[in-house]
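In order, the protein sequences belong to chains A and B.
FYI, the numbering for the first sequence is 1 to 174, going by the UniProt record's numbering.
FYI, the numbering for the second sequence is 1 to 174, going by the UniProt record's numbering.
Please note: incorrect hints may appear among the correct ones.
No copy labels: a pair is met if it fits in one copy or bridges any two.
Below are the SDA-like pairs computed for lysine to any residue, each with C-alpha atoms no more than 25 Å apart in a straight line [unchecked claim]:
1. Lys54 to Thr145
2. Lys174 to Arg152
3. Lys54 to Lys166
4. Lys54 to Ser72
None of these hints come from the bench; they were simulated from the model.
Number of protein chains: 2
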Amino acid sequence: MNFNMQEAIEVLERTPQTLEYFVSGLSNGWLQCSEGEGTWNVAEVIGHLIEGEKNNWIPRLELIIQEGENKSFPPFDRDKHLKESPQKSIEQKLLEFKTIRRANITKLKTLVKSESHLEMTGLHPEFGTVKLRELLSTWVVHDLTHIAQIVRVMAERYRADVGPWKEYLGILKK
Amino acid sequence: MNFNMQEAIEVLERTPQTLEYFVSGLSNGWLQCSEGEGTWNVAEVIGHLIEGEKNNWIPRLELIIQEGENKSFPPFDRDKHLKESPQKSIEQKLLEFKTIRRANITKLKTLVKSESHLEMTGLHPEFGTVKLRELLSTWVVHDLTHIAQIVRVMAERYRADVGPWKEYLGILKK
Chain A
1 MNFNMQEAIE VLERTPQTLE YFVSGLSNGW LQCSEGEGTW NVAEVIGHLI
51 EGEKNNWIPR LELIIQEGEN KSFPPFDRDK HLKESPQKSI EQKLLEFKTI
101 RRANITKLKT LVKSESHLEM TGLHPEFGTV KLRELLSTWV VHDLTHIAQI
151 VRVMAERYRA DVGPWKEYLG ILKK
Chain B
1 MNFNMQEAIE VLERTPQTLE YFVSGLSNGW LQCSEGEGTW NVAEVIGHLI
51 EGEKNNWIPR LELIIQEGEN KSFPPFDRDK HLKESPQKSI EQKLLEFKTI
101 RRANITKLKT LVKSESHLEM TGLHPEFGTV KLRELLSTWV VHDLTHIAQI
151 VRVMAERYRA DVGPWKEYLG ILKK
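Just chain A, with the same shape it has in the complex (with noise of 0.2 Å):
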C-alpha cells in the first residue's frame, strides 16, 4: 500500500488551480467537445467533480466517523450535475470547485488525525464494508482520472486531423 496523507492532499489541493490553469479561456470548441453523445465535455466533468466535493467525500468520511458500518453511504448521483439548472459559466464552475476543495481539505485535516483512523470502516452500498484509507486514496485518483478525461475529451477533437500519426498517440487508442 502507498498511500500517505500528506501525498495525498498534495494532489487534492492542485487540481482545482491546475484545471483552472488549464481549461479557463479556452475556445468553445474545446470547452463543448465530448465523445460523443451521452458523454461530458470539459465543463460537465468540472461540475462532476464540485459534486463529488459537496456530496460524495467528505459526507461518506464523516458517516464513517459518525457511524462506522451502522449506516451505509447515501447513493451518489453522478449524474447529478447535468440537471443542473440555470447553467454556469466555467470560470464560475472553477472558482467553486476550488473554493469548496479548499474547505474540503480543511475539514479533511481535523477529522483525520492519526494512522489508526484510516483503518476505520463503512458501508458502501454496492461494496459493503470499506475503509476510510480507501476512500480518501479514491478521492485523489477520482481527480486523476478527470483531468485524464478531459484531455482525452479534447484528443478526440484532432482524431481525424493528426492524419497517420493517430498510430503514435495512445490517448486516441480505443
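Model the placement of chain B on the given structure of chain A, informed by the hints.
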C-alpha cells in the same frame, strides 16, 4: 477536420505551466513512480516533451517549409531524454520546457501565417507524405497524451489502495 491555428496555440501555450503547477513540489513518491520496468516516471515524461521541442515539431515544420517532400524528416529518438546526464531536477526541466515552448510558439507564428501553409506537405520516414496541418495537430495531441500519461502513472501508484473502488475508476482499467 477541426484544426484551427489559434485554438491549437491555446493548448500548446497552456501545457508547460499546467504541468509546472501540477507537479512541481510533489513528493518523490509521486515523481519517481512509474508503471513498471521500461516505463517513464513524471520527470522522464517532461524530459521527452523537451526533446520534442528541440528535435521534433519546429525542426520538422521548418523542413516542410524549406524542402517540402524533397527530404525526409530525420528520425526522432523517443528515448533520447533517458540518456541525458547529469540528471536535472524536475524544476529545472519544467523551466526548460516552458522556456523552449514559448520560443517555439513564437517561431510557429512567424513560420505559419496563412491557411495555405497548412496544406504544405513533407516526407515522414515511415508514413510518407504528411501535411503541415497534421504535424501541428499531432503536436497538440502529443501534449494531451503525455498529460494523460502523467496522471495515469500517478494513479497506478494507488491501484491497490483504492480497494473495491477500482471498478469505478476508468484510469485503472487496463
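Now the hints, each set against the structure:
1. Taking the closest pair of Cα atoms, lysine 54 and threonine 145 come within 25 Å of each other only inside a single copy of the chain (18 Å); across copies the shortest separation is 30 Å, beyond that limit.
2. For the identical chains of this complex, lysine 174 and arginine 152 are neighbours both inside a copy (11 Å) and across copies (16 Å), given an alpha-carbon limit of 25 Å.
3. For the homomeric pair lysine 54 and lysine 166, the shortest alpha-carbon distance between copies (22 Å) is at most 25 Å, but the shortest distance inside one copy (39 Å) is not.
4. For the homomeric pair lysine 54 and serine 72, the shortest alpha-carbon distance inside one copy (18 Å) is at most 25 Å, but the shortest distance between copies (55 Å) is not.
Consistency with the previously given hints is maintained throughout, with no hint failing.
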